[in-house]
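Colleague: Each chain, written out:
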Amino acid sequence: MEKRELTCIGCPLGCQITVTMENGEVKDVAGYTCARGEKYAREEVTNPTRTVTSIVRVEGGNLAAVSVKTKEVIPKAKIFDILEEIKPVIVKAPVKIGDVIIPNVAGTGVDVVATKNIEAV
Amino acid sequence: MYDIIVIGAGVVGTCVARELSKYQANVCVIDKADDVASGTSKANSGIVHAGYDCKPGTLMAKLNVRGNELLYQLAEELDFPIKKNGSLIVCTIESERGKLDVLLDQANANGVPDARIVERDELLEMEPNLTPNAVAALYVPTGGIICPFNLAIAMGENAAVNGVEFKFETEVKNIVKKDGYYELDTNKGVLETKAVVNAAGVYADVMHNMVSDKKMKIVARKGEYLLMDKELGDYFKATIFPLPGPMGKGVLTAPTIHGNMFVGPSATDIEDKEGVNTTQEIIDDLVQKASASHLTKDRLPMNKVITSFAGLRAHEEHHEFIVEEVADAPGFFDAAGIESPGLTSSPAIAEMLVGLIQDKYNFPKNENFIAKRKGIVHMEDLSMEEKNEMIKKNPQYGNIVCRCEMVTEGEIVDAINRPIGARSLDGVKRRTRQGMGRCQAGFCTPRTMEILSRELGIPMTEITKKGEGSNMLVGKIKED
Amino acid sequence: MKSYDVIIVGGGPAGLAAAISAKKEGIDSILIIERDNQLGGILNQCIHNGFGLHTFKEELTGPEYAARFIEQAAELNIEYKLHTMVCDISHDKVVTVMNREEGMVMYQAKAVILAMGCRERPRGALNIPGYRPAGIYSAGTAQRLVNIEGFMPGKKVVILGSGDIGLIMARRMTFEGAKVQCVAEVMPYSGGLKRNIVQCLDDYDIPLYLSHTVIDIEGKDRLTGVVIAEVGPDRKPIPGTEMHYDCDTLLLSVGLIPENELSKKAEVEMSPITNGPIVDESLETNVEGVFACGNVLHVHDLVDYVSEEAALAGKNAAQYVKERYGKDVQKSGEVIEIKATDGARYTVPTSIHMDNMADLLTVRFRVGNVFKDSYISVYFNDERVQHRKKQVMAPGEMEQIILKKKALEDFDGLKTITVKIEEE
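Protein chains in written order, with this note's numbering: chain X, 95 to 215; chain R, 195 to 674; chain B, 6 to 429.
None of these hints come from the bench; they were simulated from the model.
Be a bit skeptical, because a hint or two may be false.
For the chain R half of the interface with chain B, some residues (derived, Cβ under 7 Å), not all of them [claimed, not checked]:
{"#": "1", "residue": "Gln-267"}
{"#": "2", "residue": "Thr-325"}
{"#": "3", "residue": "Ser-502"}
{"#": "4", "residue": "Ile-585"}
{"#": "5", "residue": "Gly-592"}
{"#": "6", "residue": "Gly-636"}
{"#": "7", "residue": "Met-666"}
{"#": "8", "residue": "Val-668"}
{"#": "9", "residue": "Gly-669"}
{"#": "10", "residue": "Lys-670"}
Once the Cα atoms are required to be at most 30 Å apart in a straight line, the calculated BS3-like pairs of lysine-lysine come out as [claimed, not checked]:
{"#": "11", "chain 1": "B", "residue 1": "Lys-269", "chain 2": "R", "residue 2": "Lys-277"}
{"#": "12", "chain 1": "B", "residue 1": "Lys-269", "chain 2": "R", "residue 2": "Lys-424"}
{"#": "13", "chain 1": "R", "residue 1": "Lys-361", "chain 2": "R", "residue 2": "Lys-216"}
{"#": "14", "chain 1": "R", "residue 1": "Lys-587", "chain 2": "B", "residue 2": "Lys-7"}
{"#": "15", "chain 1": "R", "residue 1": "Lys-278", "chain 2": "B", "residue 2": "Lys-270"}
{"#": "16", "chain 1": "R", "residue 1": "Lys-467", "chain 2": "B", "residue 2": "Lys-161"}
{"#": "17", "chain 1": "X", "residue 1": "Lys-133", "chain 2": "B", "residue 2": "Lys-225"}
{"#": "18", "chain 1": "R", "residue 1": "Lys-586", "chain 2": "B", "residue 2": "Lys-7"}
{"#": "19", "chain 1": "R", "residue 1": "Lys-672", "chain 2": "X", "residue 2": "Lys-170"}
{"#": "20", "chain 1": "R", "residue 1": "Lys-483", "chain 2": "B", "residue 2": "Lys-241"}
{"#": "21", "chain 1": "R", "residue 1": "Lys-382", "chain 2": "B", "residue 2": "Lys-225"}
{"#": "22", "chain 1": "B", "residue 1": "Lys-161", "chain 2": "R", "residue 2": "Lys-670"}
{"#": "23", "chain 1": "X", "residue 1": "Lys-190", "chain 2": "B", "residue 2": "Lys-29"}
Just so it is clear, CB atoms sit at the ideal spot from N, CA and C, and this is done for glycine as well.
Given only the sequences and the hints, what does the whole structure look like? Please build it.
Modeller: As structure tokens, this is what we get:
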């Protein structure tokens, strides 16, 4: 039996939720106030996900960097792998919102896309 | 071999340099900082003292009154801001009123013009925000306000234009007395000079003691200040002093030349000659004094404090200026113990010191001396027509970089490209007021760094706040 | 003098939404004035996601959210000027601007919408003792340097203040390879969103010290360290609780202040609590035809609410131009005052002209403390008419009530509406 302590992010209440796990299975969820909280806790302990946002260097643009994000959420454990893959990338201006900067980043099946328009200069 | 090396580019060093540039001498000013006025001259009250509080007969009294006179003249010649707003030394306790008469006598003895006692009704009419408990005050109309940095930069620029060399980030490690000349061992190599002017502020004793057996001791006396928002800039018109105490003139409340208001200074003697840190106790004390000041009608709103800062006074134990050739070191001239009213006295100190130098060396006159200098144009002070004329000539004057103080790109570029121009963010800030406003450079820092980088032709990562070791950035993103 | 029906000061989220809304109300002569080199305001540097859930029902990053409004403004052919600073707004709505190309010029506006946004509180306002070395940045300045300019302000970071920008920057700096050692917050609660505390701090094991502050700054040239101490209920440091951190960077996220220098020049009356203009139901200030919206009016928590509020300001400014401008038509009908007491710090708006009120009016406010299991109550004169339980309310989040015009009309002799927080 393993207990995991979480802070719910659903609202300012920030419920302290305790999830009891056994062999990777959720046995009990306690401390939540609403259904959203319970759902969040179950997902957070079994498959925590995040959207990664960062920047990528640009050549020949009106700005030095373009902001990017993972188009979908990715497994939390992959965050730093994704950042490592983003790090060496340099793109050429122009860039448009939605342009794929890195397809299938870190083998997640998710693309890193631009979130800003950069004009070529 | 230089004829004269001036150690220290503070107000005294730059005034001496400018005075020397009237003669044909090979002069160099060196300073360990990256800019003028980076030590004692940097952070003080910015008051042009009238000279009422110096002990009659002292050098301090004489040079203060003469310096006061000279500053107003120089401001016109060299185009730096000054304002004769008058000083009021306010008495709030009837039983202490006699102290005002003592001050008035002193003012008269020192030759301070037009000093007089102002009674309560007139006083409150002059300064409606003064406490109604005010009894009377000594009014000295020749008291004024100034920006010490602007004085030093004006003097320095004019000296440079007239042939004086400036070396910054040059620190004196040792001075060796040679036969008829001096060797200055600096971090940038050895410099040789026939004469030395010691205008090293809190380090004047260190310099002096390297060449003389008659030791000197300069104590760094720290003064902390609170700077208030411009909304309070016209709270008082005159500079308001309490009756003086043993550590100096007391905590003042005064407008600044830039339209803010300040409260301060405190006075604490410290060991560290670089100890310009502010401390919680003193800030609390100043806040307490300011918010419940017995000199103001209302409690001052402390949420209008935009910054606090500290400066060091170069206090010599006898509290007297030392302006002389060192007896056992011929050609070595001290300008030491220059604490308040040192800022006001600086041009008079220079006049006196250069008189001594000329008595000894008699350098021929510099026939090409240019006495006048134009300062950086401040767009904010111009009329709409004048602004448009400037922008037409140079569109950079139409691009506002600092929103709070309305400083344009044109002004910043000028500040960088002048003689002894700005090399760092602080250098730009002091010359143009960029970043001095309410947001304290939150918005304009990145933009100013870009302009510095472009004009100086150095990468952004080499831009500093105030010279070597104070880099603003550690690198580019995505690089290790 | 060239004239416009509506001049909007600021091309950030508030200015854009106000312009779009005024245009849709049939006003063609609109000018947005923006001081930066692009529209979108501060959103351009907020590259994280979490914007737009209310407005677009999807999660966008700041630049994407801004781009949606910029595109809409472009489709509607709304005129704008970049790199242009508004230097003055007169009481008569003469707007003086300056830029490189035109120099200093004046425009006459029939209506002005103030949408200048806010700025960060600087270090000076906190009076933190110590030295003044390089390496102390407000979080937003650091955000711009990293996200827009592509530079790293430092490698070893301490953050003072747990406002959302500070929390977001803790993660951003971590992503860029910096070591963020801790976040200190002087209050016993965070000023930021729960989600940001979990996803920007907890995810990366960055400790958040509540009731702590920086009491000393070390380093004469570049920052070398800070001392953090716990504070008591009086917010004064408790001796013996000092912790020393070696660091080269201190980021400050200690509050936002509406930027109202121009509003004051136009003689707009200000609220000492919000530091923004005092406005009525139309978001109109005491100066006829001058409206305010977004963070210049009061600091918002979510940009979605900025957009919503700004759209209302745009609509009302349009209506003013069409119906009241130059006609000597005063707002008529009864004026009802809205007050905030007992835990509610302020309301926006603070008065309602009954004849001008829409069927529904959103009144936004913030609470002054953390309240658990308390009620938002609305009183018409002395009678409680709304009573809504909230599990938690915190100063970091905006609250709102909705007033129905019908209810106000039906209430005999209504003079004052009071919003308060009650325990039961």
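Colleague: Hints broken by the structure, by number, lowest first?
Modeller: Per hint list: 1, 2, 17 violated.
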